[in-house]
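Student: Now for the letters of each chain:
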Amino acid sequence: MAAVPPVASLVQRCEALFEDLHFNAVREWKAQQPGRKAIGYMPVYVPREIIHAAGMLPVGILGGGDQLEVIQGDAYYQSYICRIPRSTIELGLTGRLDCLDGMLFPSICDVIRNLSGMWQILFPDKYVRYLDVPQNYVDDIGGRFYVQELEVLREDLGRLAGREITDEALNASIAVYNDNRAAIRELYRYRAAKPWQAPTSEVYLVLRAGMVLPPEEHTRLVREYIAAADAAPRPKRDNARVVINGAFCEQPPLALVKSIEMSGCYVVDDDFMLVHRWLLDDVPTDGKPLEELARAFLHRSATTAAKYDERREQKGQYLLRQVRTNGAEGVIFAAPSFCDPALLERPMLQDVLGRHGVPHTAFKYAENTGQMAPIREQAGTFADSIKLWSAA
Amino acid sequence: MTTTTISMPPPIGKPVVKPQNVQKEDAMWLQKELINRNYRELAQARALGRKVSATFVPGNLNELLMCFDFARSLPETNALQNGLRKKSGKMIMDAERDGQSEDVCTYVKADLGMMLGGEIGPTGDPLPRPDVLLLSYTGCFTFMKWFELIRHKYGCESVMLHVPYQGEGRIAPNMREYVVRQLRETVIPALERISGVKFDIDRLRQYLRESARAEEDLIAVLHSAKNRPSPIDGYFGAVYYIGPIFTAFRGTPEATEYYRVLRAEIEQRVRDGKGPITPEGEMGEERYRLVVEGPPNWTSFRDFWKMFYDEGAVVVASTYAKVGGVYDFGFRHDPEHPLESLADYCLGCYTNLNLPSRIDMICRYIDQYQADGLLINSIKSCNSFSAGQLLILREVERRTGKPAAFIETDLVDPRYFSAANVKNRLESYFQMVKQKRGAAAAGGTPGFIPIATAH
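Taken in sequence, the protein lines are chains A and B.
Numbering of the first sequence is given in my numbering, commencing with residue 1 and proceeding in unit increments.
Numbering of the second sequence is given in my numbering, commencing with residue 393 and proceeding in unit increments.
Just so you know, these hints were derived from the structure itself, not from any lab.
Where a beta carbon is used, it is the ideal one built from N, C-alpha and C, also for glycine.
Hints are supplied without guarantee of correctness; some may be wrong.
[Said to hold, decoys possible] Partial selection, computed: residues in chain A whose CB lies under 8 Å from chain B:
| id | residue |
| --- | --- |
| 1 | Pro85 |
| 2 | Asp110 |
| 3 | Asp132 |
| 4 | Gln350 |
| 5 | Trp389 |
[Said to hold, decoys possible] Here are the computed distance ranges between Cβ atoms for each label pair:
| id | chain 1 | residue 1 | chain 2 | residue 2 | range |
| --- | --- | --- | --- | --- | --- |
| 6 | A | Arg159 | B | Glu608 | 35 to 45 Å |
| 7 | A | Glu313 | B | Asp461 | 24 to 34 Å |
| 8 | A | Lys194 | B | Pro565 | 49 to 59 Å |
Let the sequences and hints guide you as you build the complete structure.
Tutor: Rendered as structure tokens:
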């Protein structure tokens, strides 16, 4: 039997982690050392450094995808509410999240916010916290509030871990995540430079692995993937270079990402799993750690629909930068059905793109969308039109 | 302390004409007159050189805005008034044609559609573009996007007041401090700059004094539903009662007077042993006492209400009547601690409470108002209310032993009000309540089955 090329082997491993809805990687990590604990978190962003500094494993929970049959979860939600909370409840009620000792629900939208209260009721033995992040970006106002919120989290997790979370431990964890973020920036730069070498269907899986692996291991994996992908001979196609926007919470099925690529698009930037890239550069490791994390959040963080833009002129600038710095030729707005933040943001972003002559198209999905033909046709037509326009 | 007198603009235009085919309490007519007067004031704001603010009902800082002489617009109220007048359907479709998703909040789309249609308010008067969008987004993320959308399209300035969520079911000191600091250091300076009026804290104190008086009377009115028969409907009728205090009138002497008159009227109804007044006159025998969770439907408001009073069902308490402020449990605006009090008000609005707190509140209502059960009107547009309501239903049934029912409508999108379905479900629910009473009287142990759950 022919040897599996390294890149395929790495991707297979990531895919296995992605498909494992029992979170065996987390269970194995906990089993390696008695007393280990794991804390789940939902999109978009939580300061994983604090969990890590408590000696715990941060675990990203992004719903059940298209492989989970949601039975109980549907009984908790009306038809007009997005899918991620119902599949997350399904994961919880079927025991798949028993390996988690707590859950964090960051402020992103009303649905995830209310899910925090549901979790408190449904899983009364678990640690549950709604993590409010500031929408006021003044250090002495929003920053001060955020530091206080992080202090509470630090104390709570310290109690759960049975040990104090020291500044030294936090700074060490910040360094670990700085390295992880640096590796992911390398991965994004690499993909933007050679999208044919690092298809997004693979990059996505590599990112998803970071939801369940310890950050140190994930950082190694990311760098191994870049090296392995670069070594693999892969054909370059005349595809349209696009940015995907709107998929920052409920995730599209992997088949949807593949369909976009198969339709003739290279995805050169996206907003999947922004937790990996929320903080845009290194957080200092020699200061007061919570204050440094707060400053990074306030002044050097990514943008999504869940975050307030203080001024009108800011709207769409982050997306425009994604387009320009990555040489994208268009934007695909792919938002989950009933996602209020993404869908309300979209007309503003479309307007900004329109004014800057950036082509765009839009569709909705659910994490269990099964019919890819319409999406492939739409994305294909979009790619063709970009190519026609650019030829003209 | 200096004494500040409040001067309100004199009434503008014609008073409300009472149609002959609708019956209302005198206070209800007064309420309508107040609301209409605000629209007239908004229409004339530009001519009178007044700046215009827009803000939301939950977290409405009306007293603060009055300190800067703003004419005050509340987009949710505009949308619901357009819904009541059957104008919202076209506005929503216009907004969808303009690029808004069919999935998102119809208040937002009704507002955007209204602006696209020439910025004419519900009463037919022009509604001026706001000079400031005070984004006090208590309990609802959609508010943030709503004002970003208005700002994006029309260039109005937005001012953020981030109100943290009561995730742990309480107001932590740092939450209050955060809101106060924002008020002091960002919101008030911005309002001073935009209005050109210097902030006077004694003026604020005076308004808050008025607020507290009105709140005292409002809560006496809402609590009157503990009587049998209840003299009020705590949902459909309460919509009228909360109108002034949740919108542009909290803190005004007119609101204080309105609530004084209202309270006197309701107390007289209690003494007379009367039930609520409905659009068709005095309600007949009180057969069912319900607690309702969720906002009403506005496009078919009268038809919806009729489904209740025709069956002798009265709503004795509702969570919607707390959306612009929870006064049941002791909170009053406090002139001695003006900014802290505004912070506590914002932090305490109903949709800023976590799910366990909302369930506690509903269970307390069922107990204190001796209700027969809970009805949830689940609103497609409003994830802030709706996400988690099916768990609320189960938990309330489990804890109180009272039957609960679930219906689905929308705020202002007429496409999502199916009268036949709603009526069917309500009738079945009333039957279930009756059977349960019979079983309880016979000493049996009835099963508690939700009448309907989501599709």
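Student: Each hint needs a verdict: does it hold in this structure or not?
Tutor: Here is what the structure says about each hint:
1. Pro85: Holds - the Cβ of A:Pro85 comes within 8 Å of chain B, reaching about 7 Å at its closest.
2. Asp110: Status holds, d = 4 Å.
3. Asp132: Holds. Min distance 5 Å.
4. Gln350: A:Gln350 check passes; min Cβ-Cβ to chain B is 7 Å, inside 8 Å.
5. Trp389: violated, 21 Å
6. A:Arg159 to B:Glu608: 35 to 45 Å: holds, 42 Å
7. A:Glu313 to B:Asp461: 24 to 34 Å: Holds, since A:Glu313 and B:Asp461 (Cβ atoms, about 28 Å apart) stay within the stated range.
8. A:Lys194 to B:Pro565: 49 to 59 Å: holds, 53 Å
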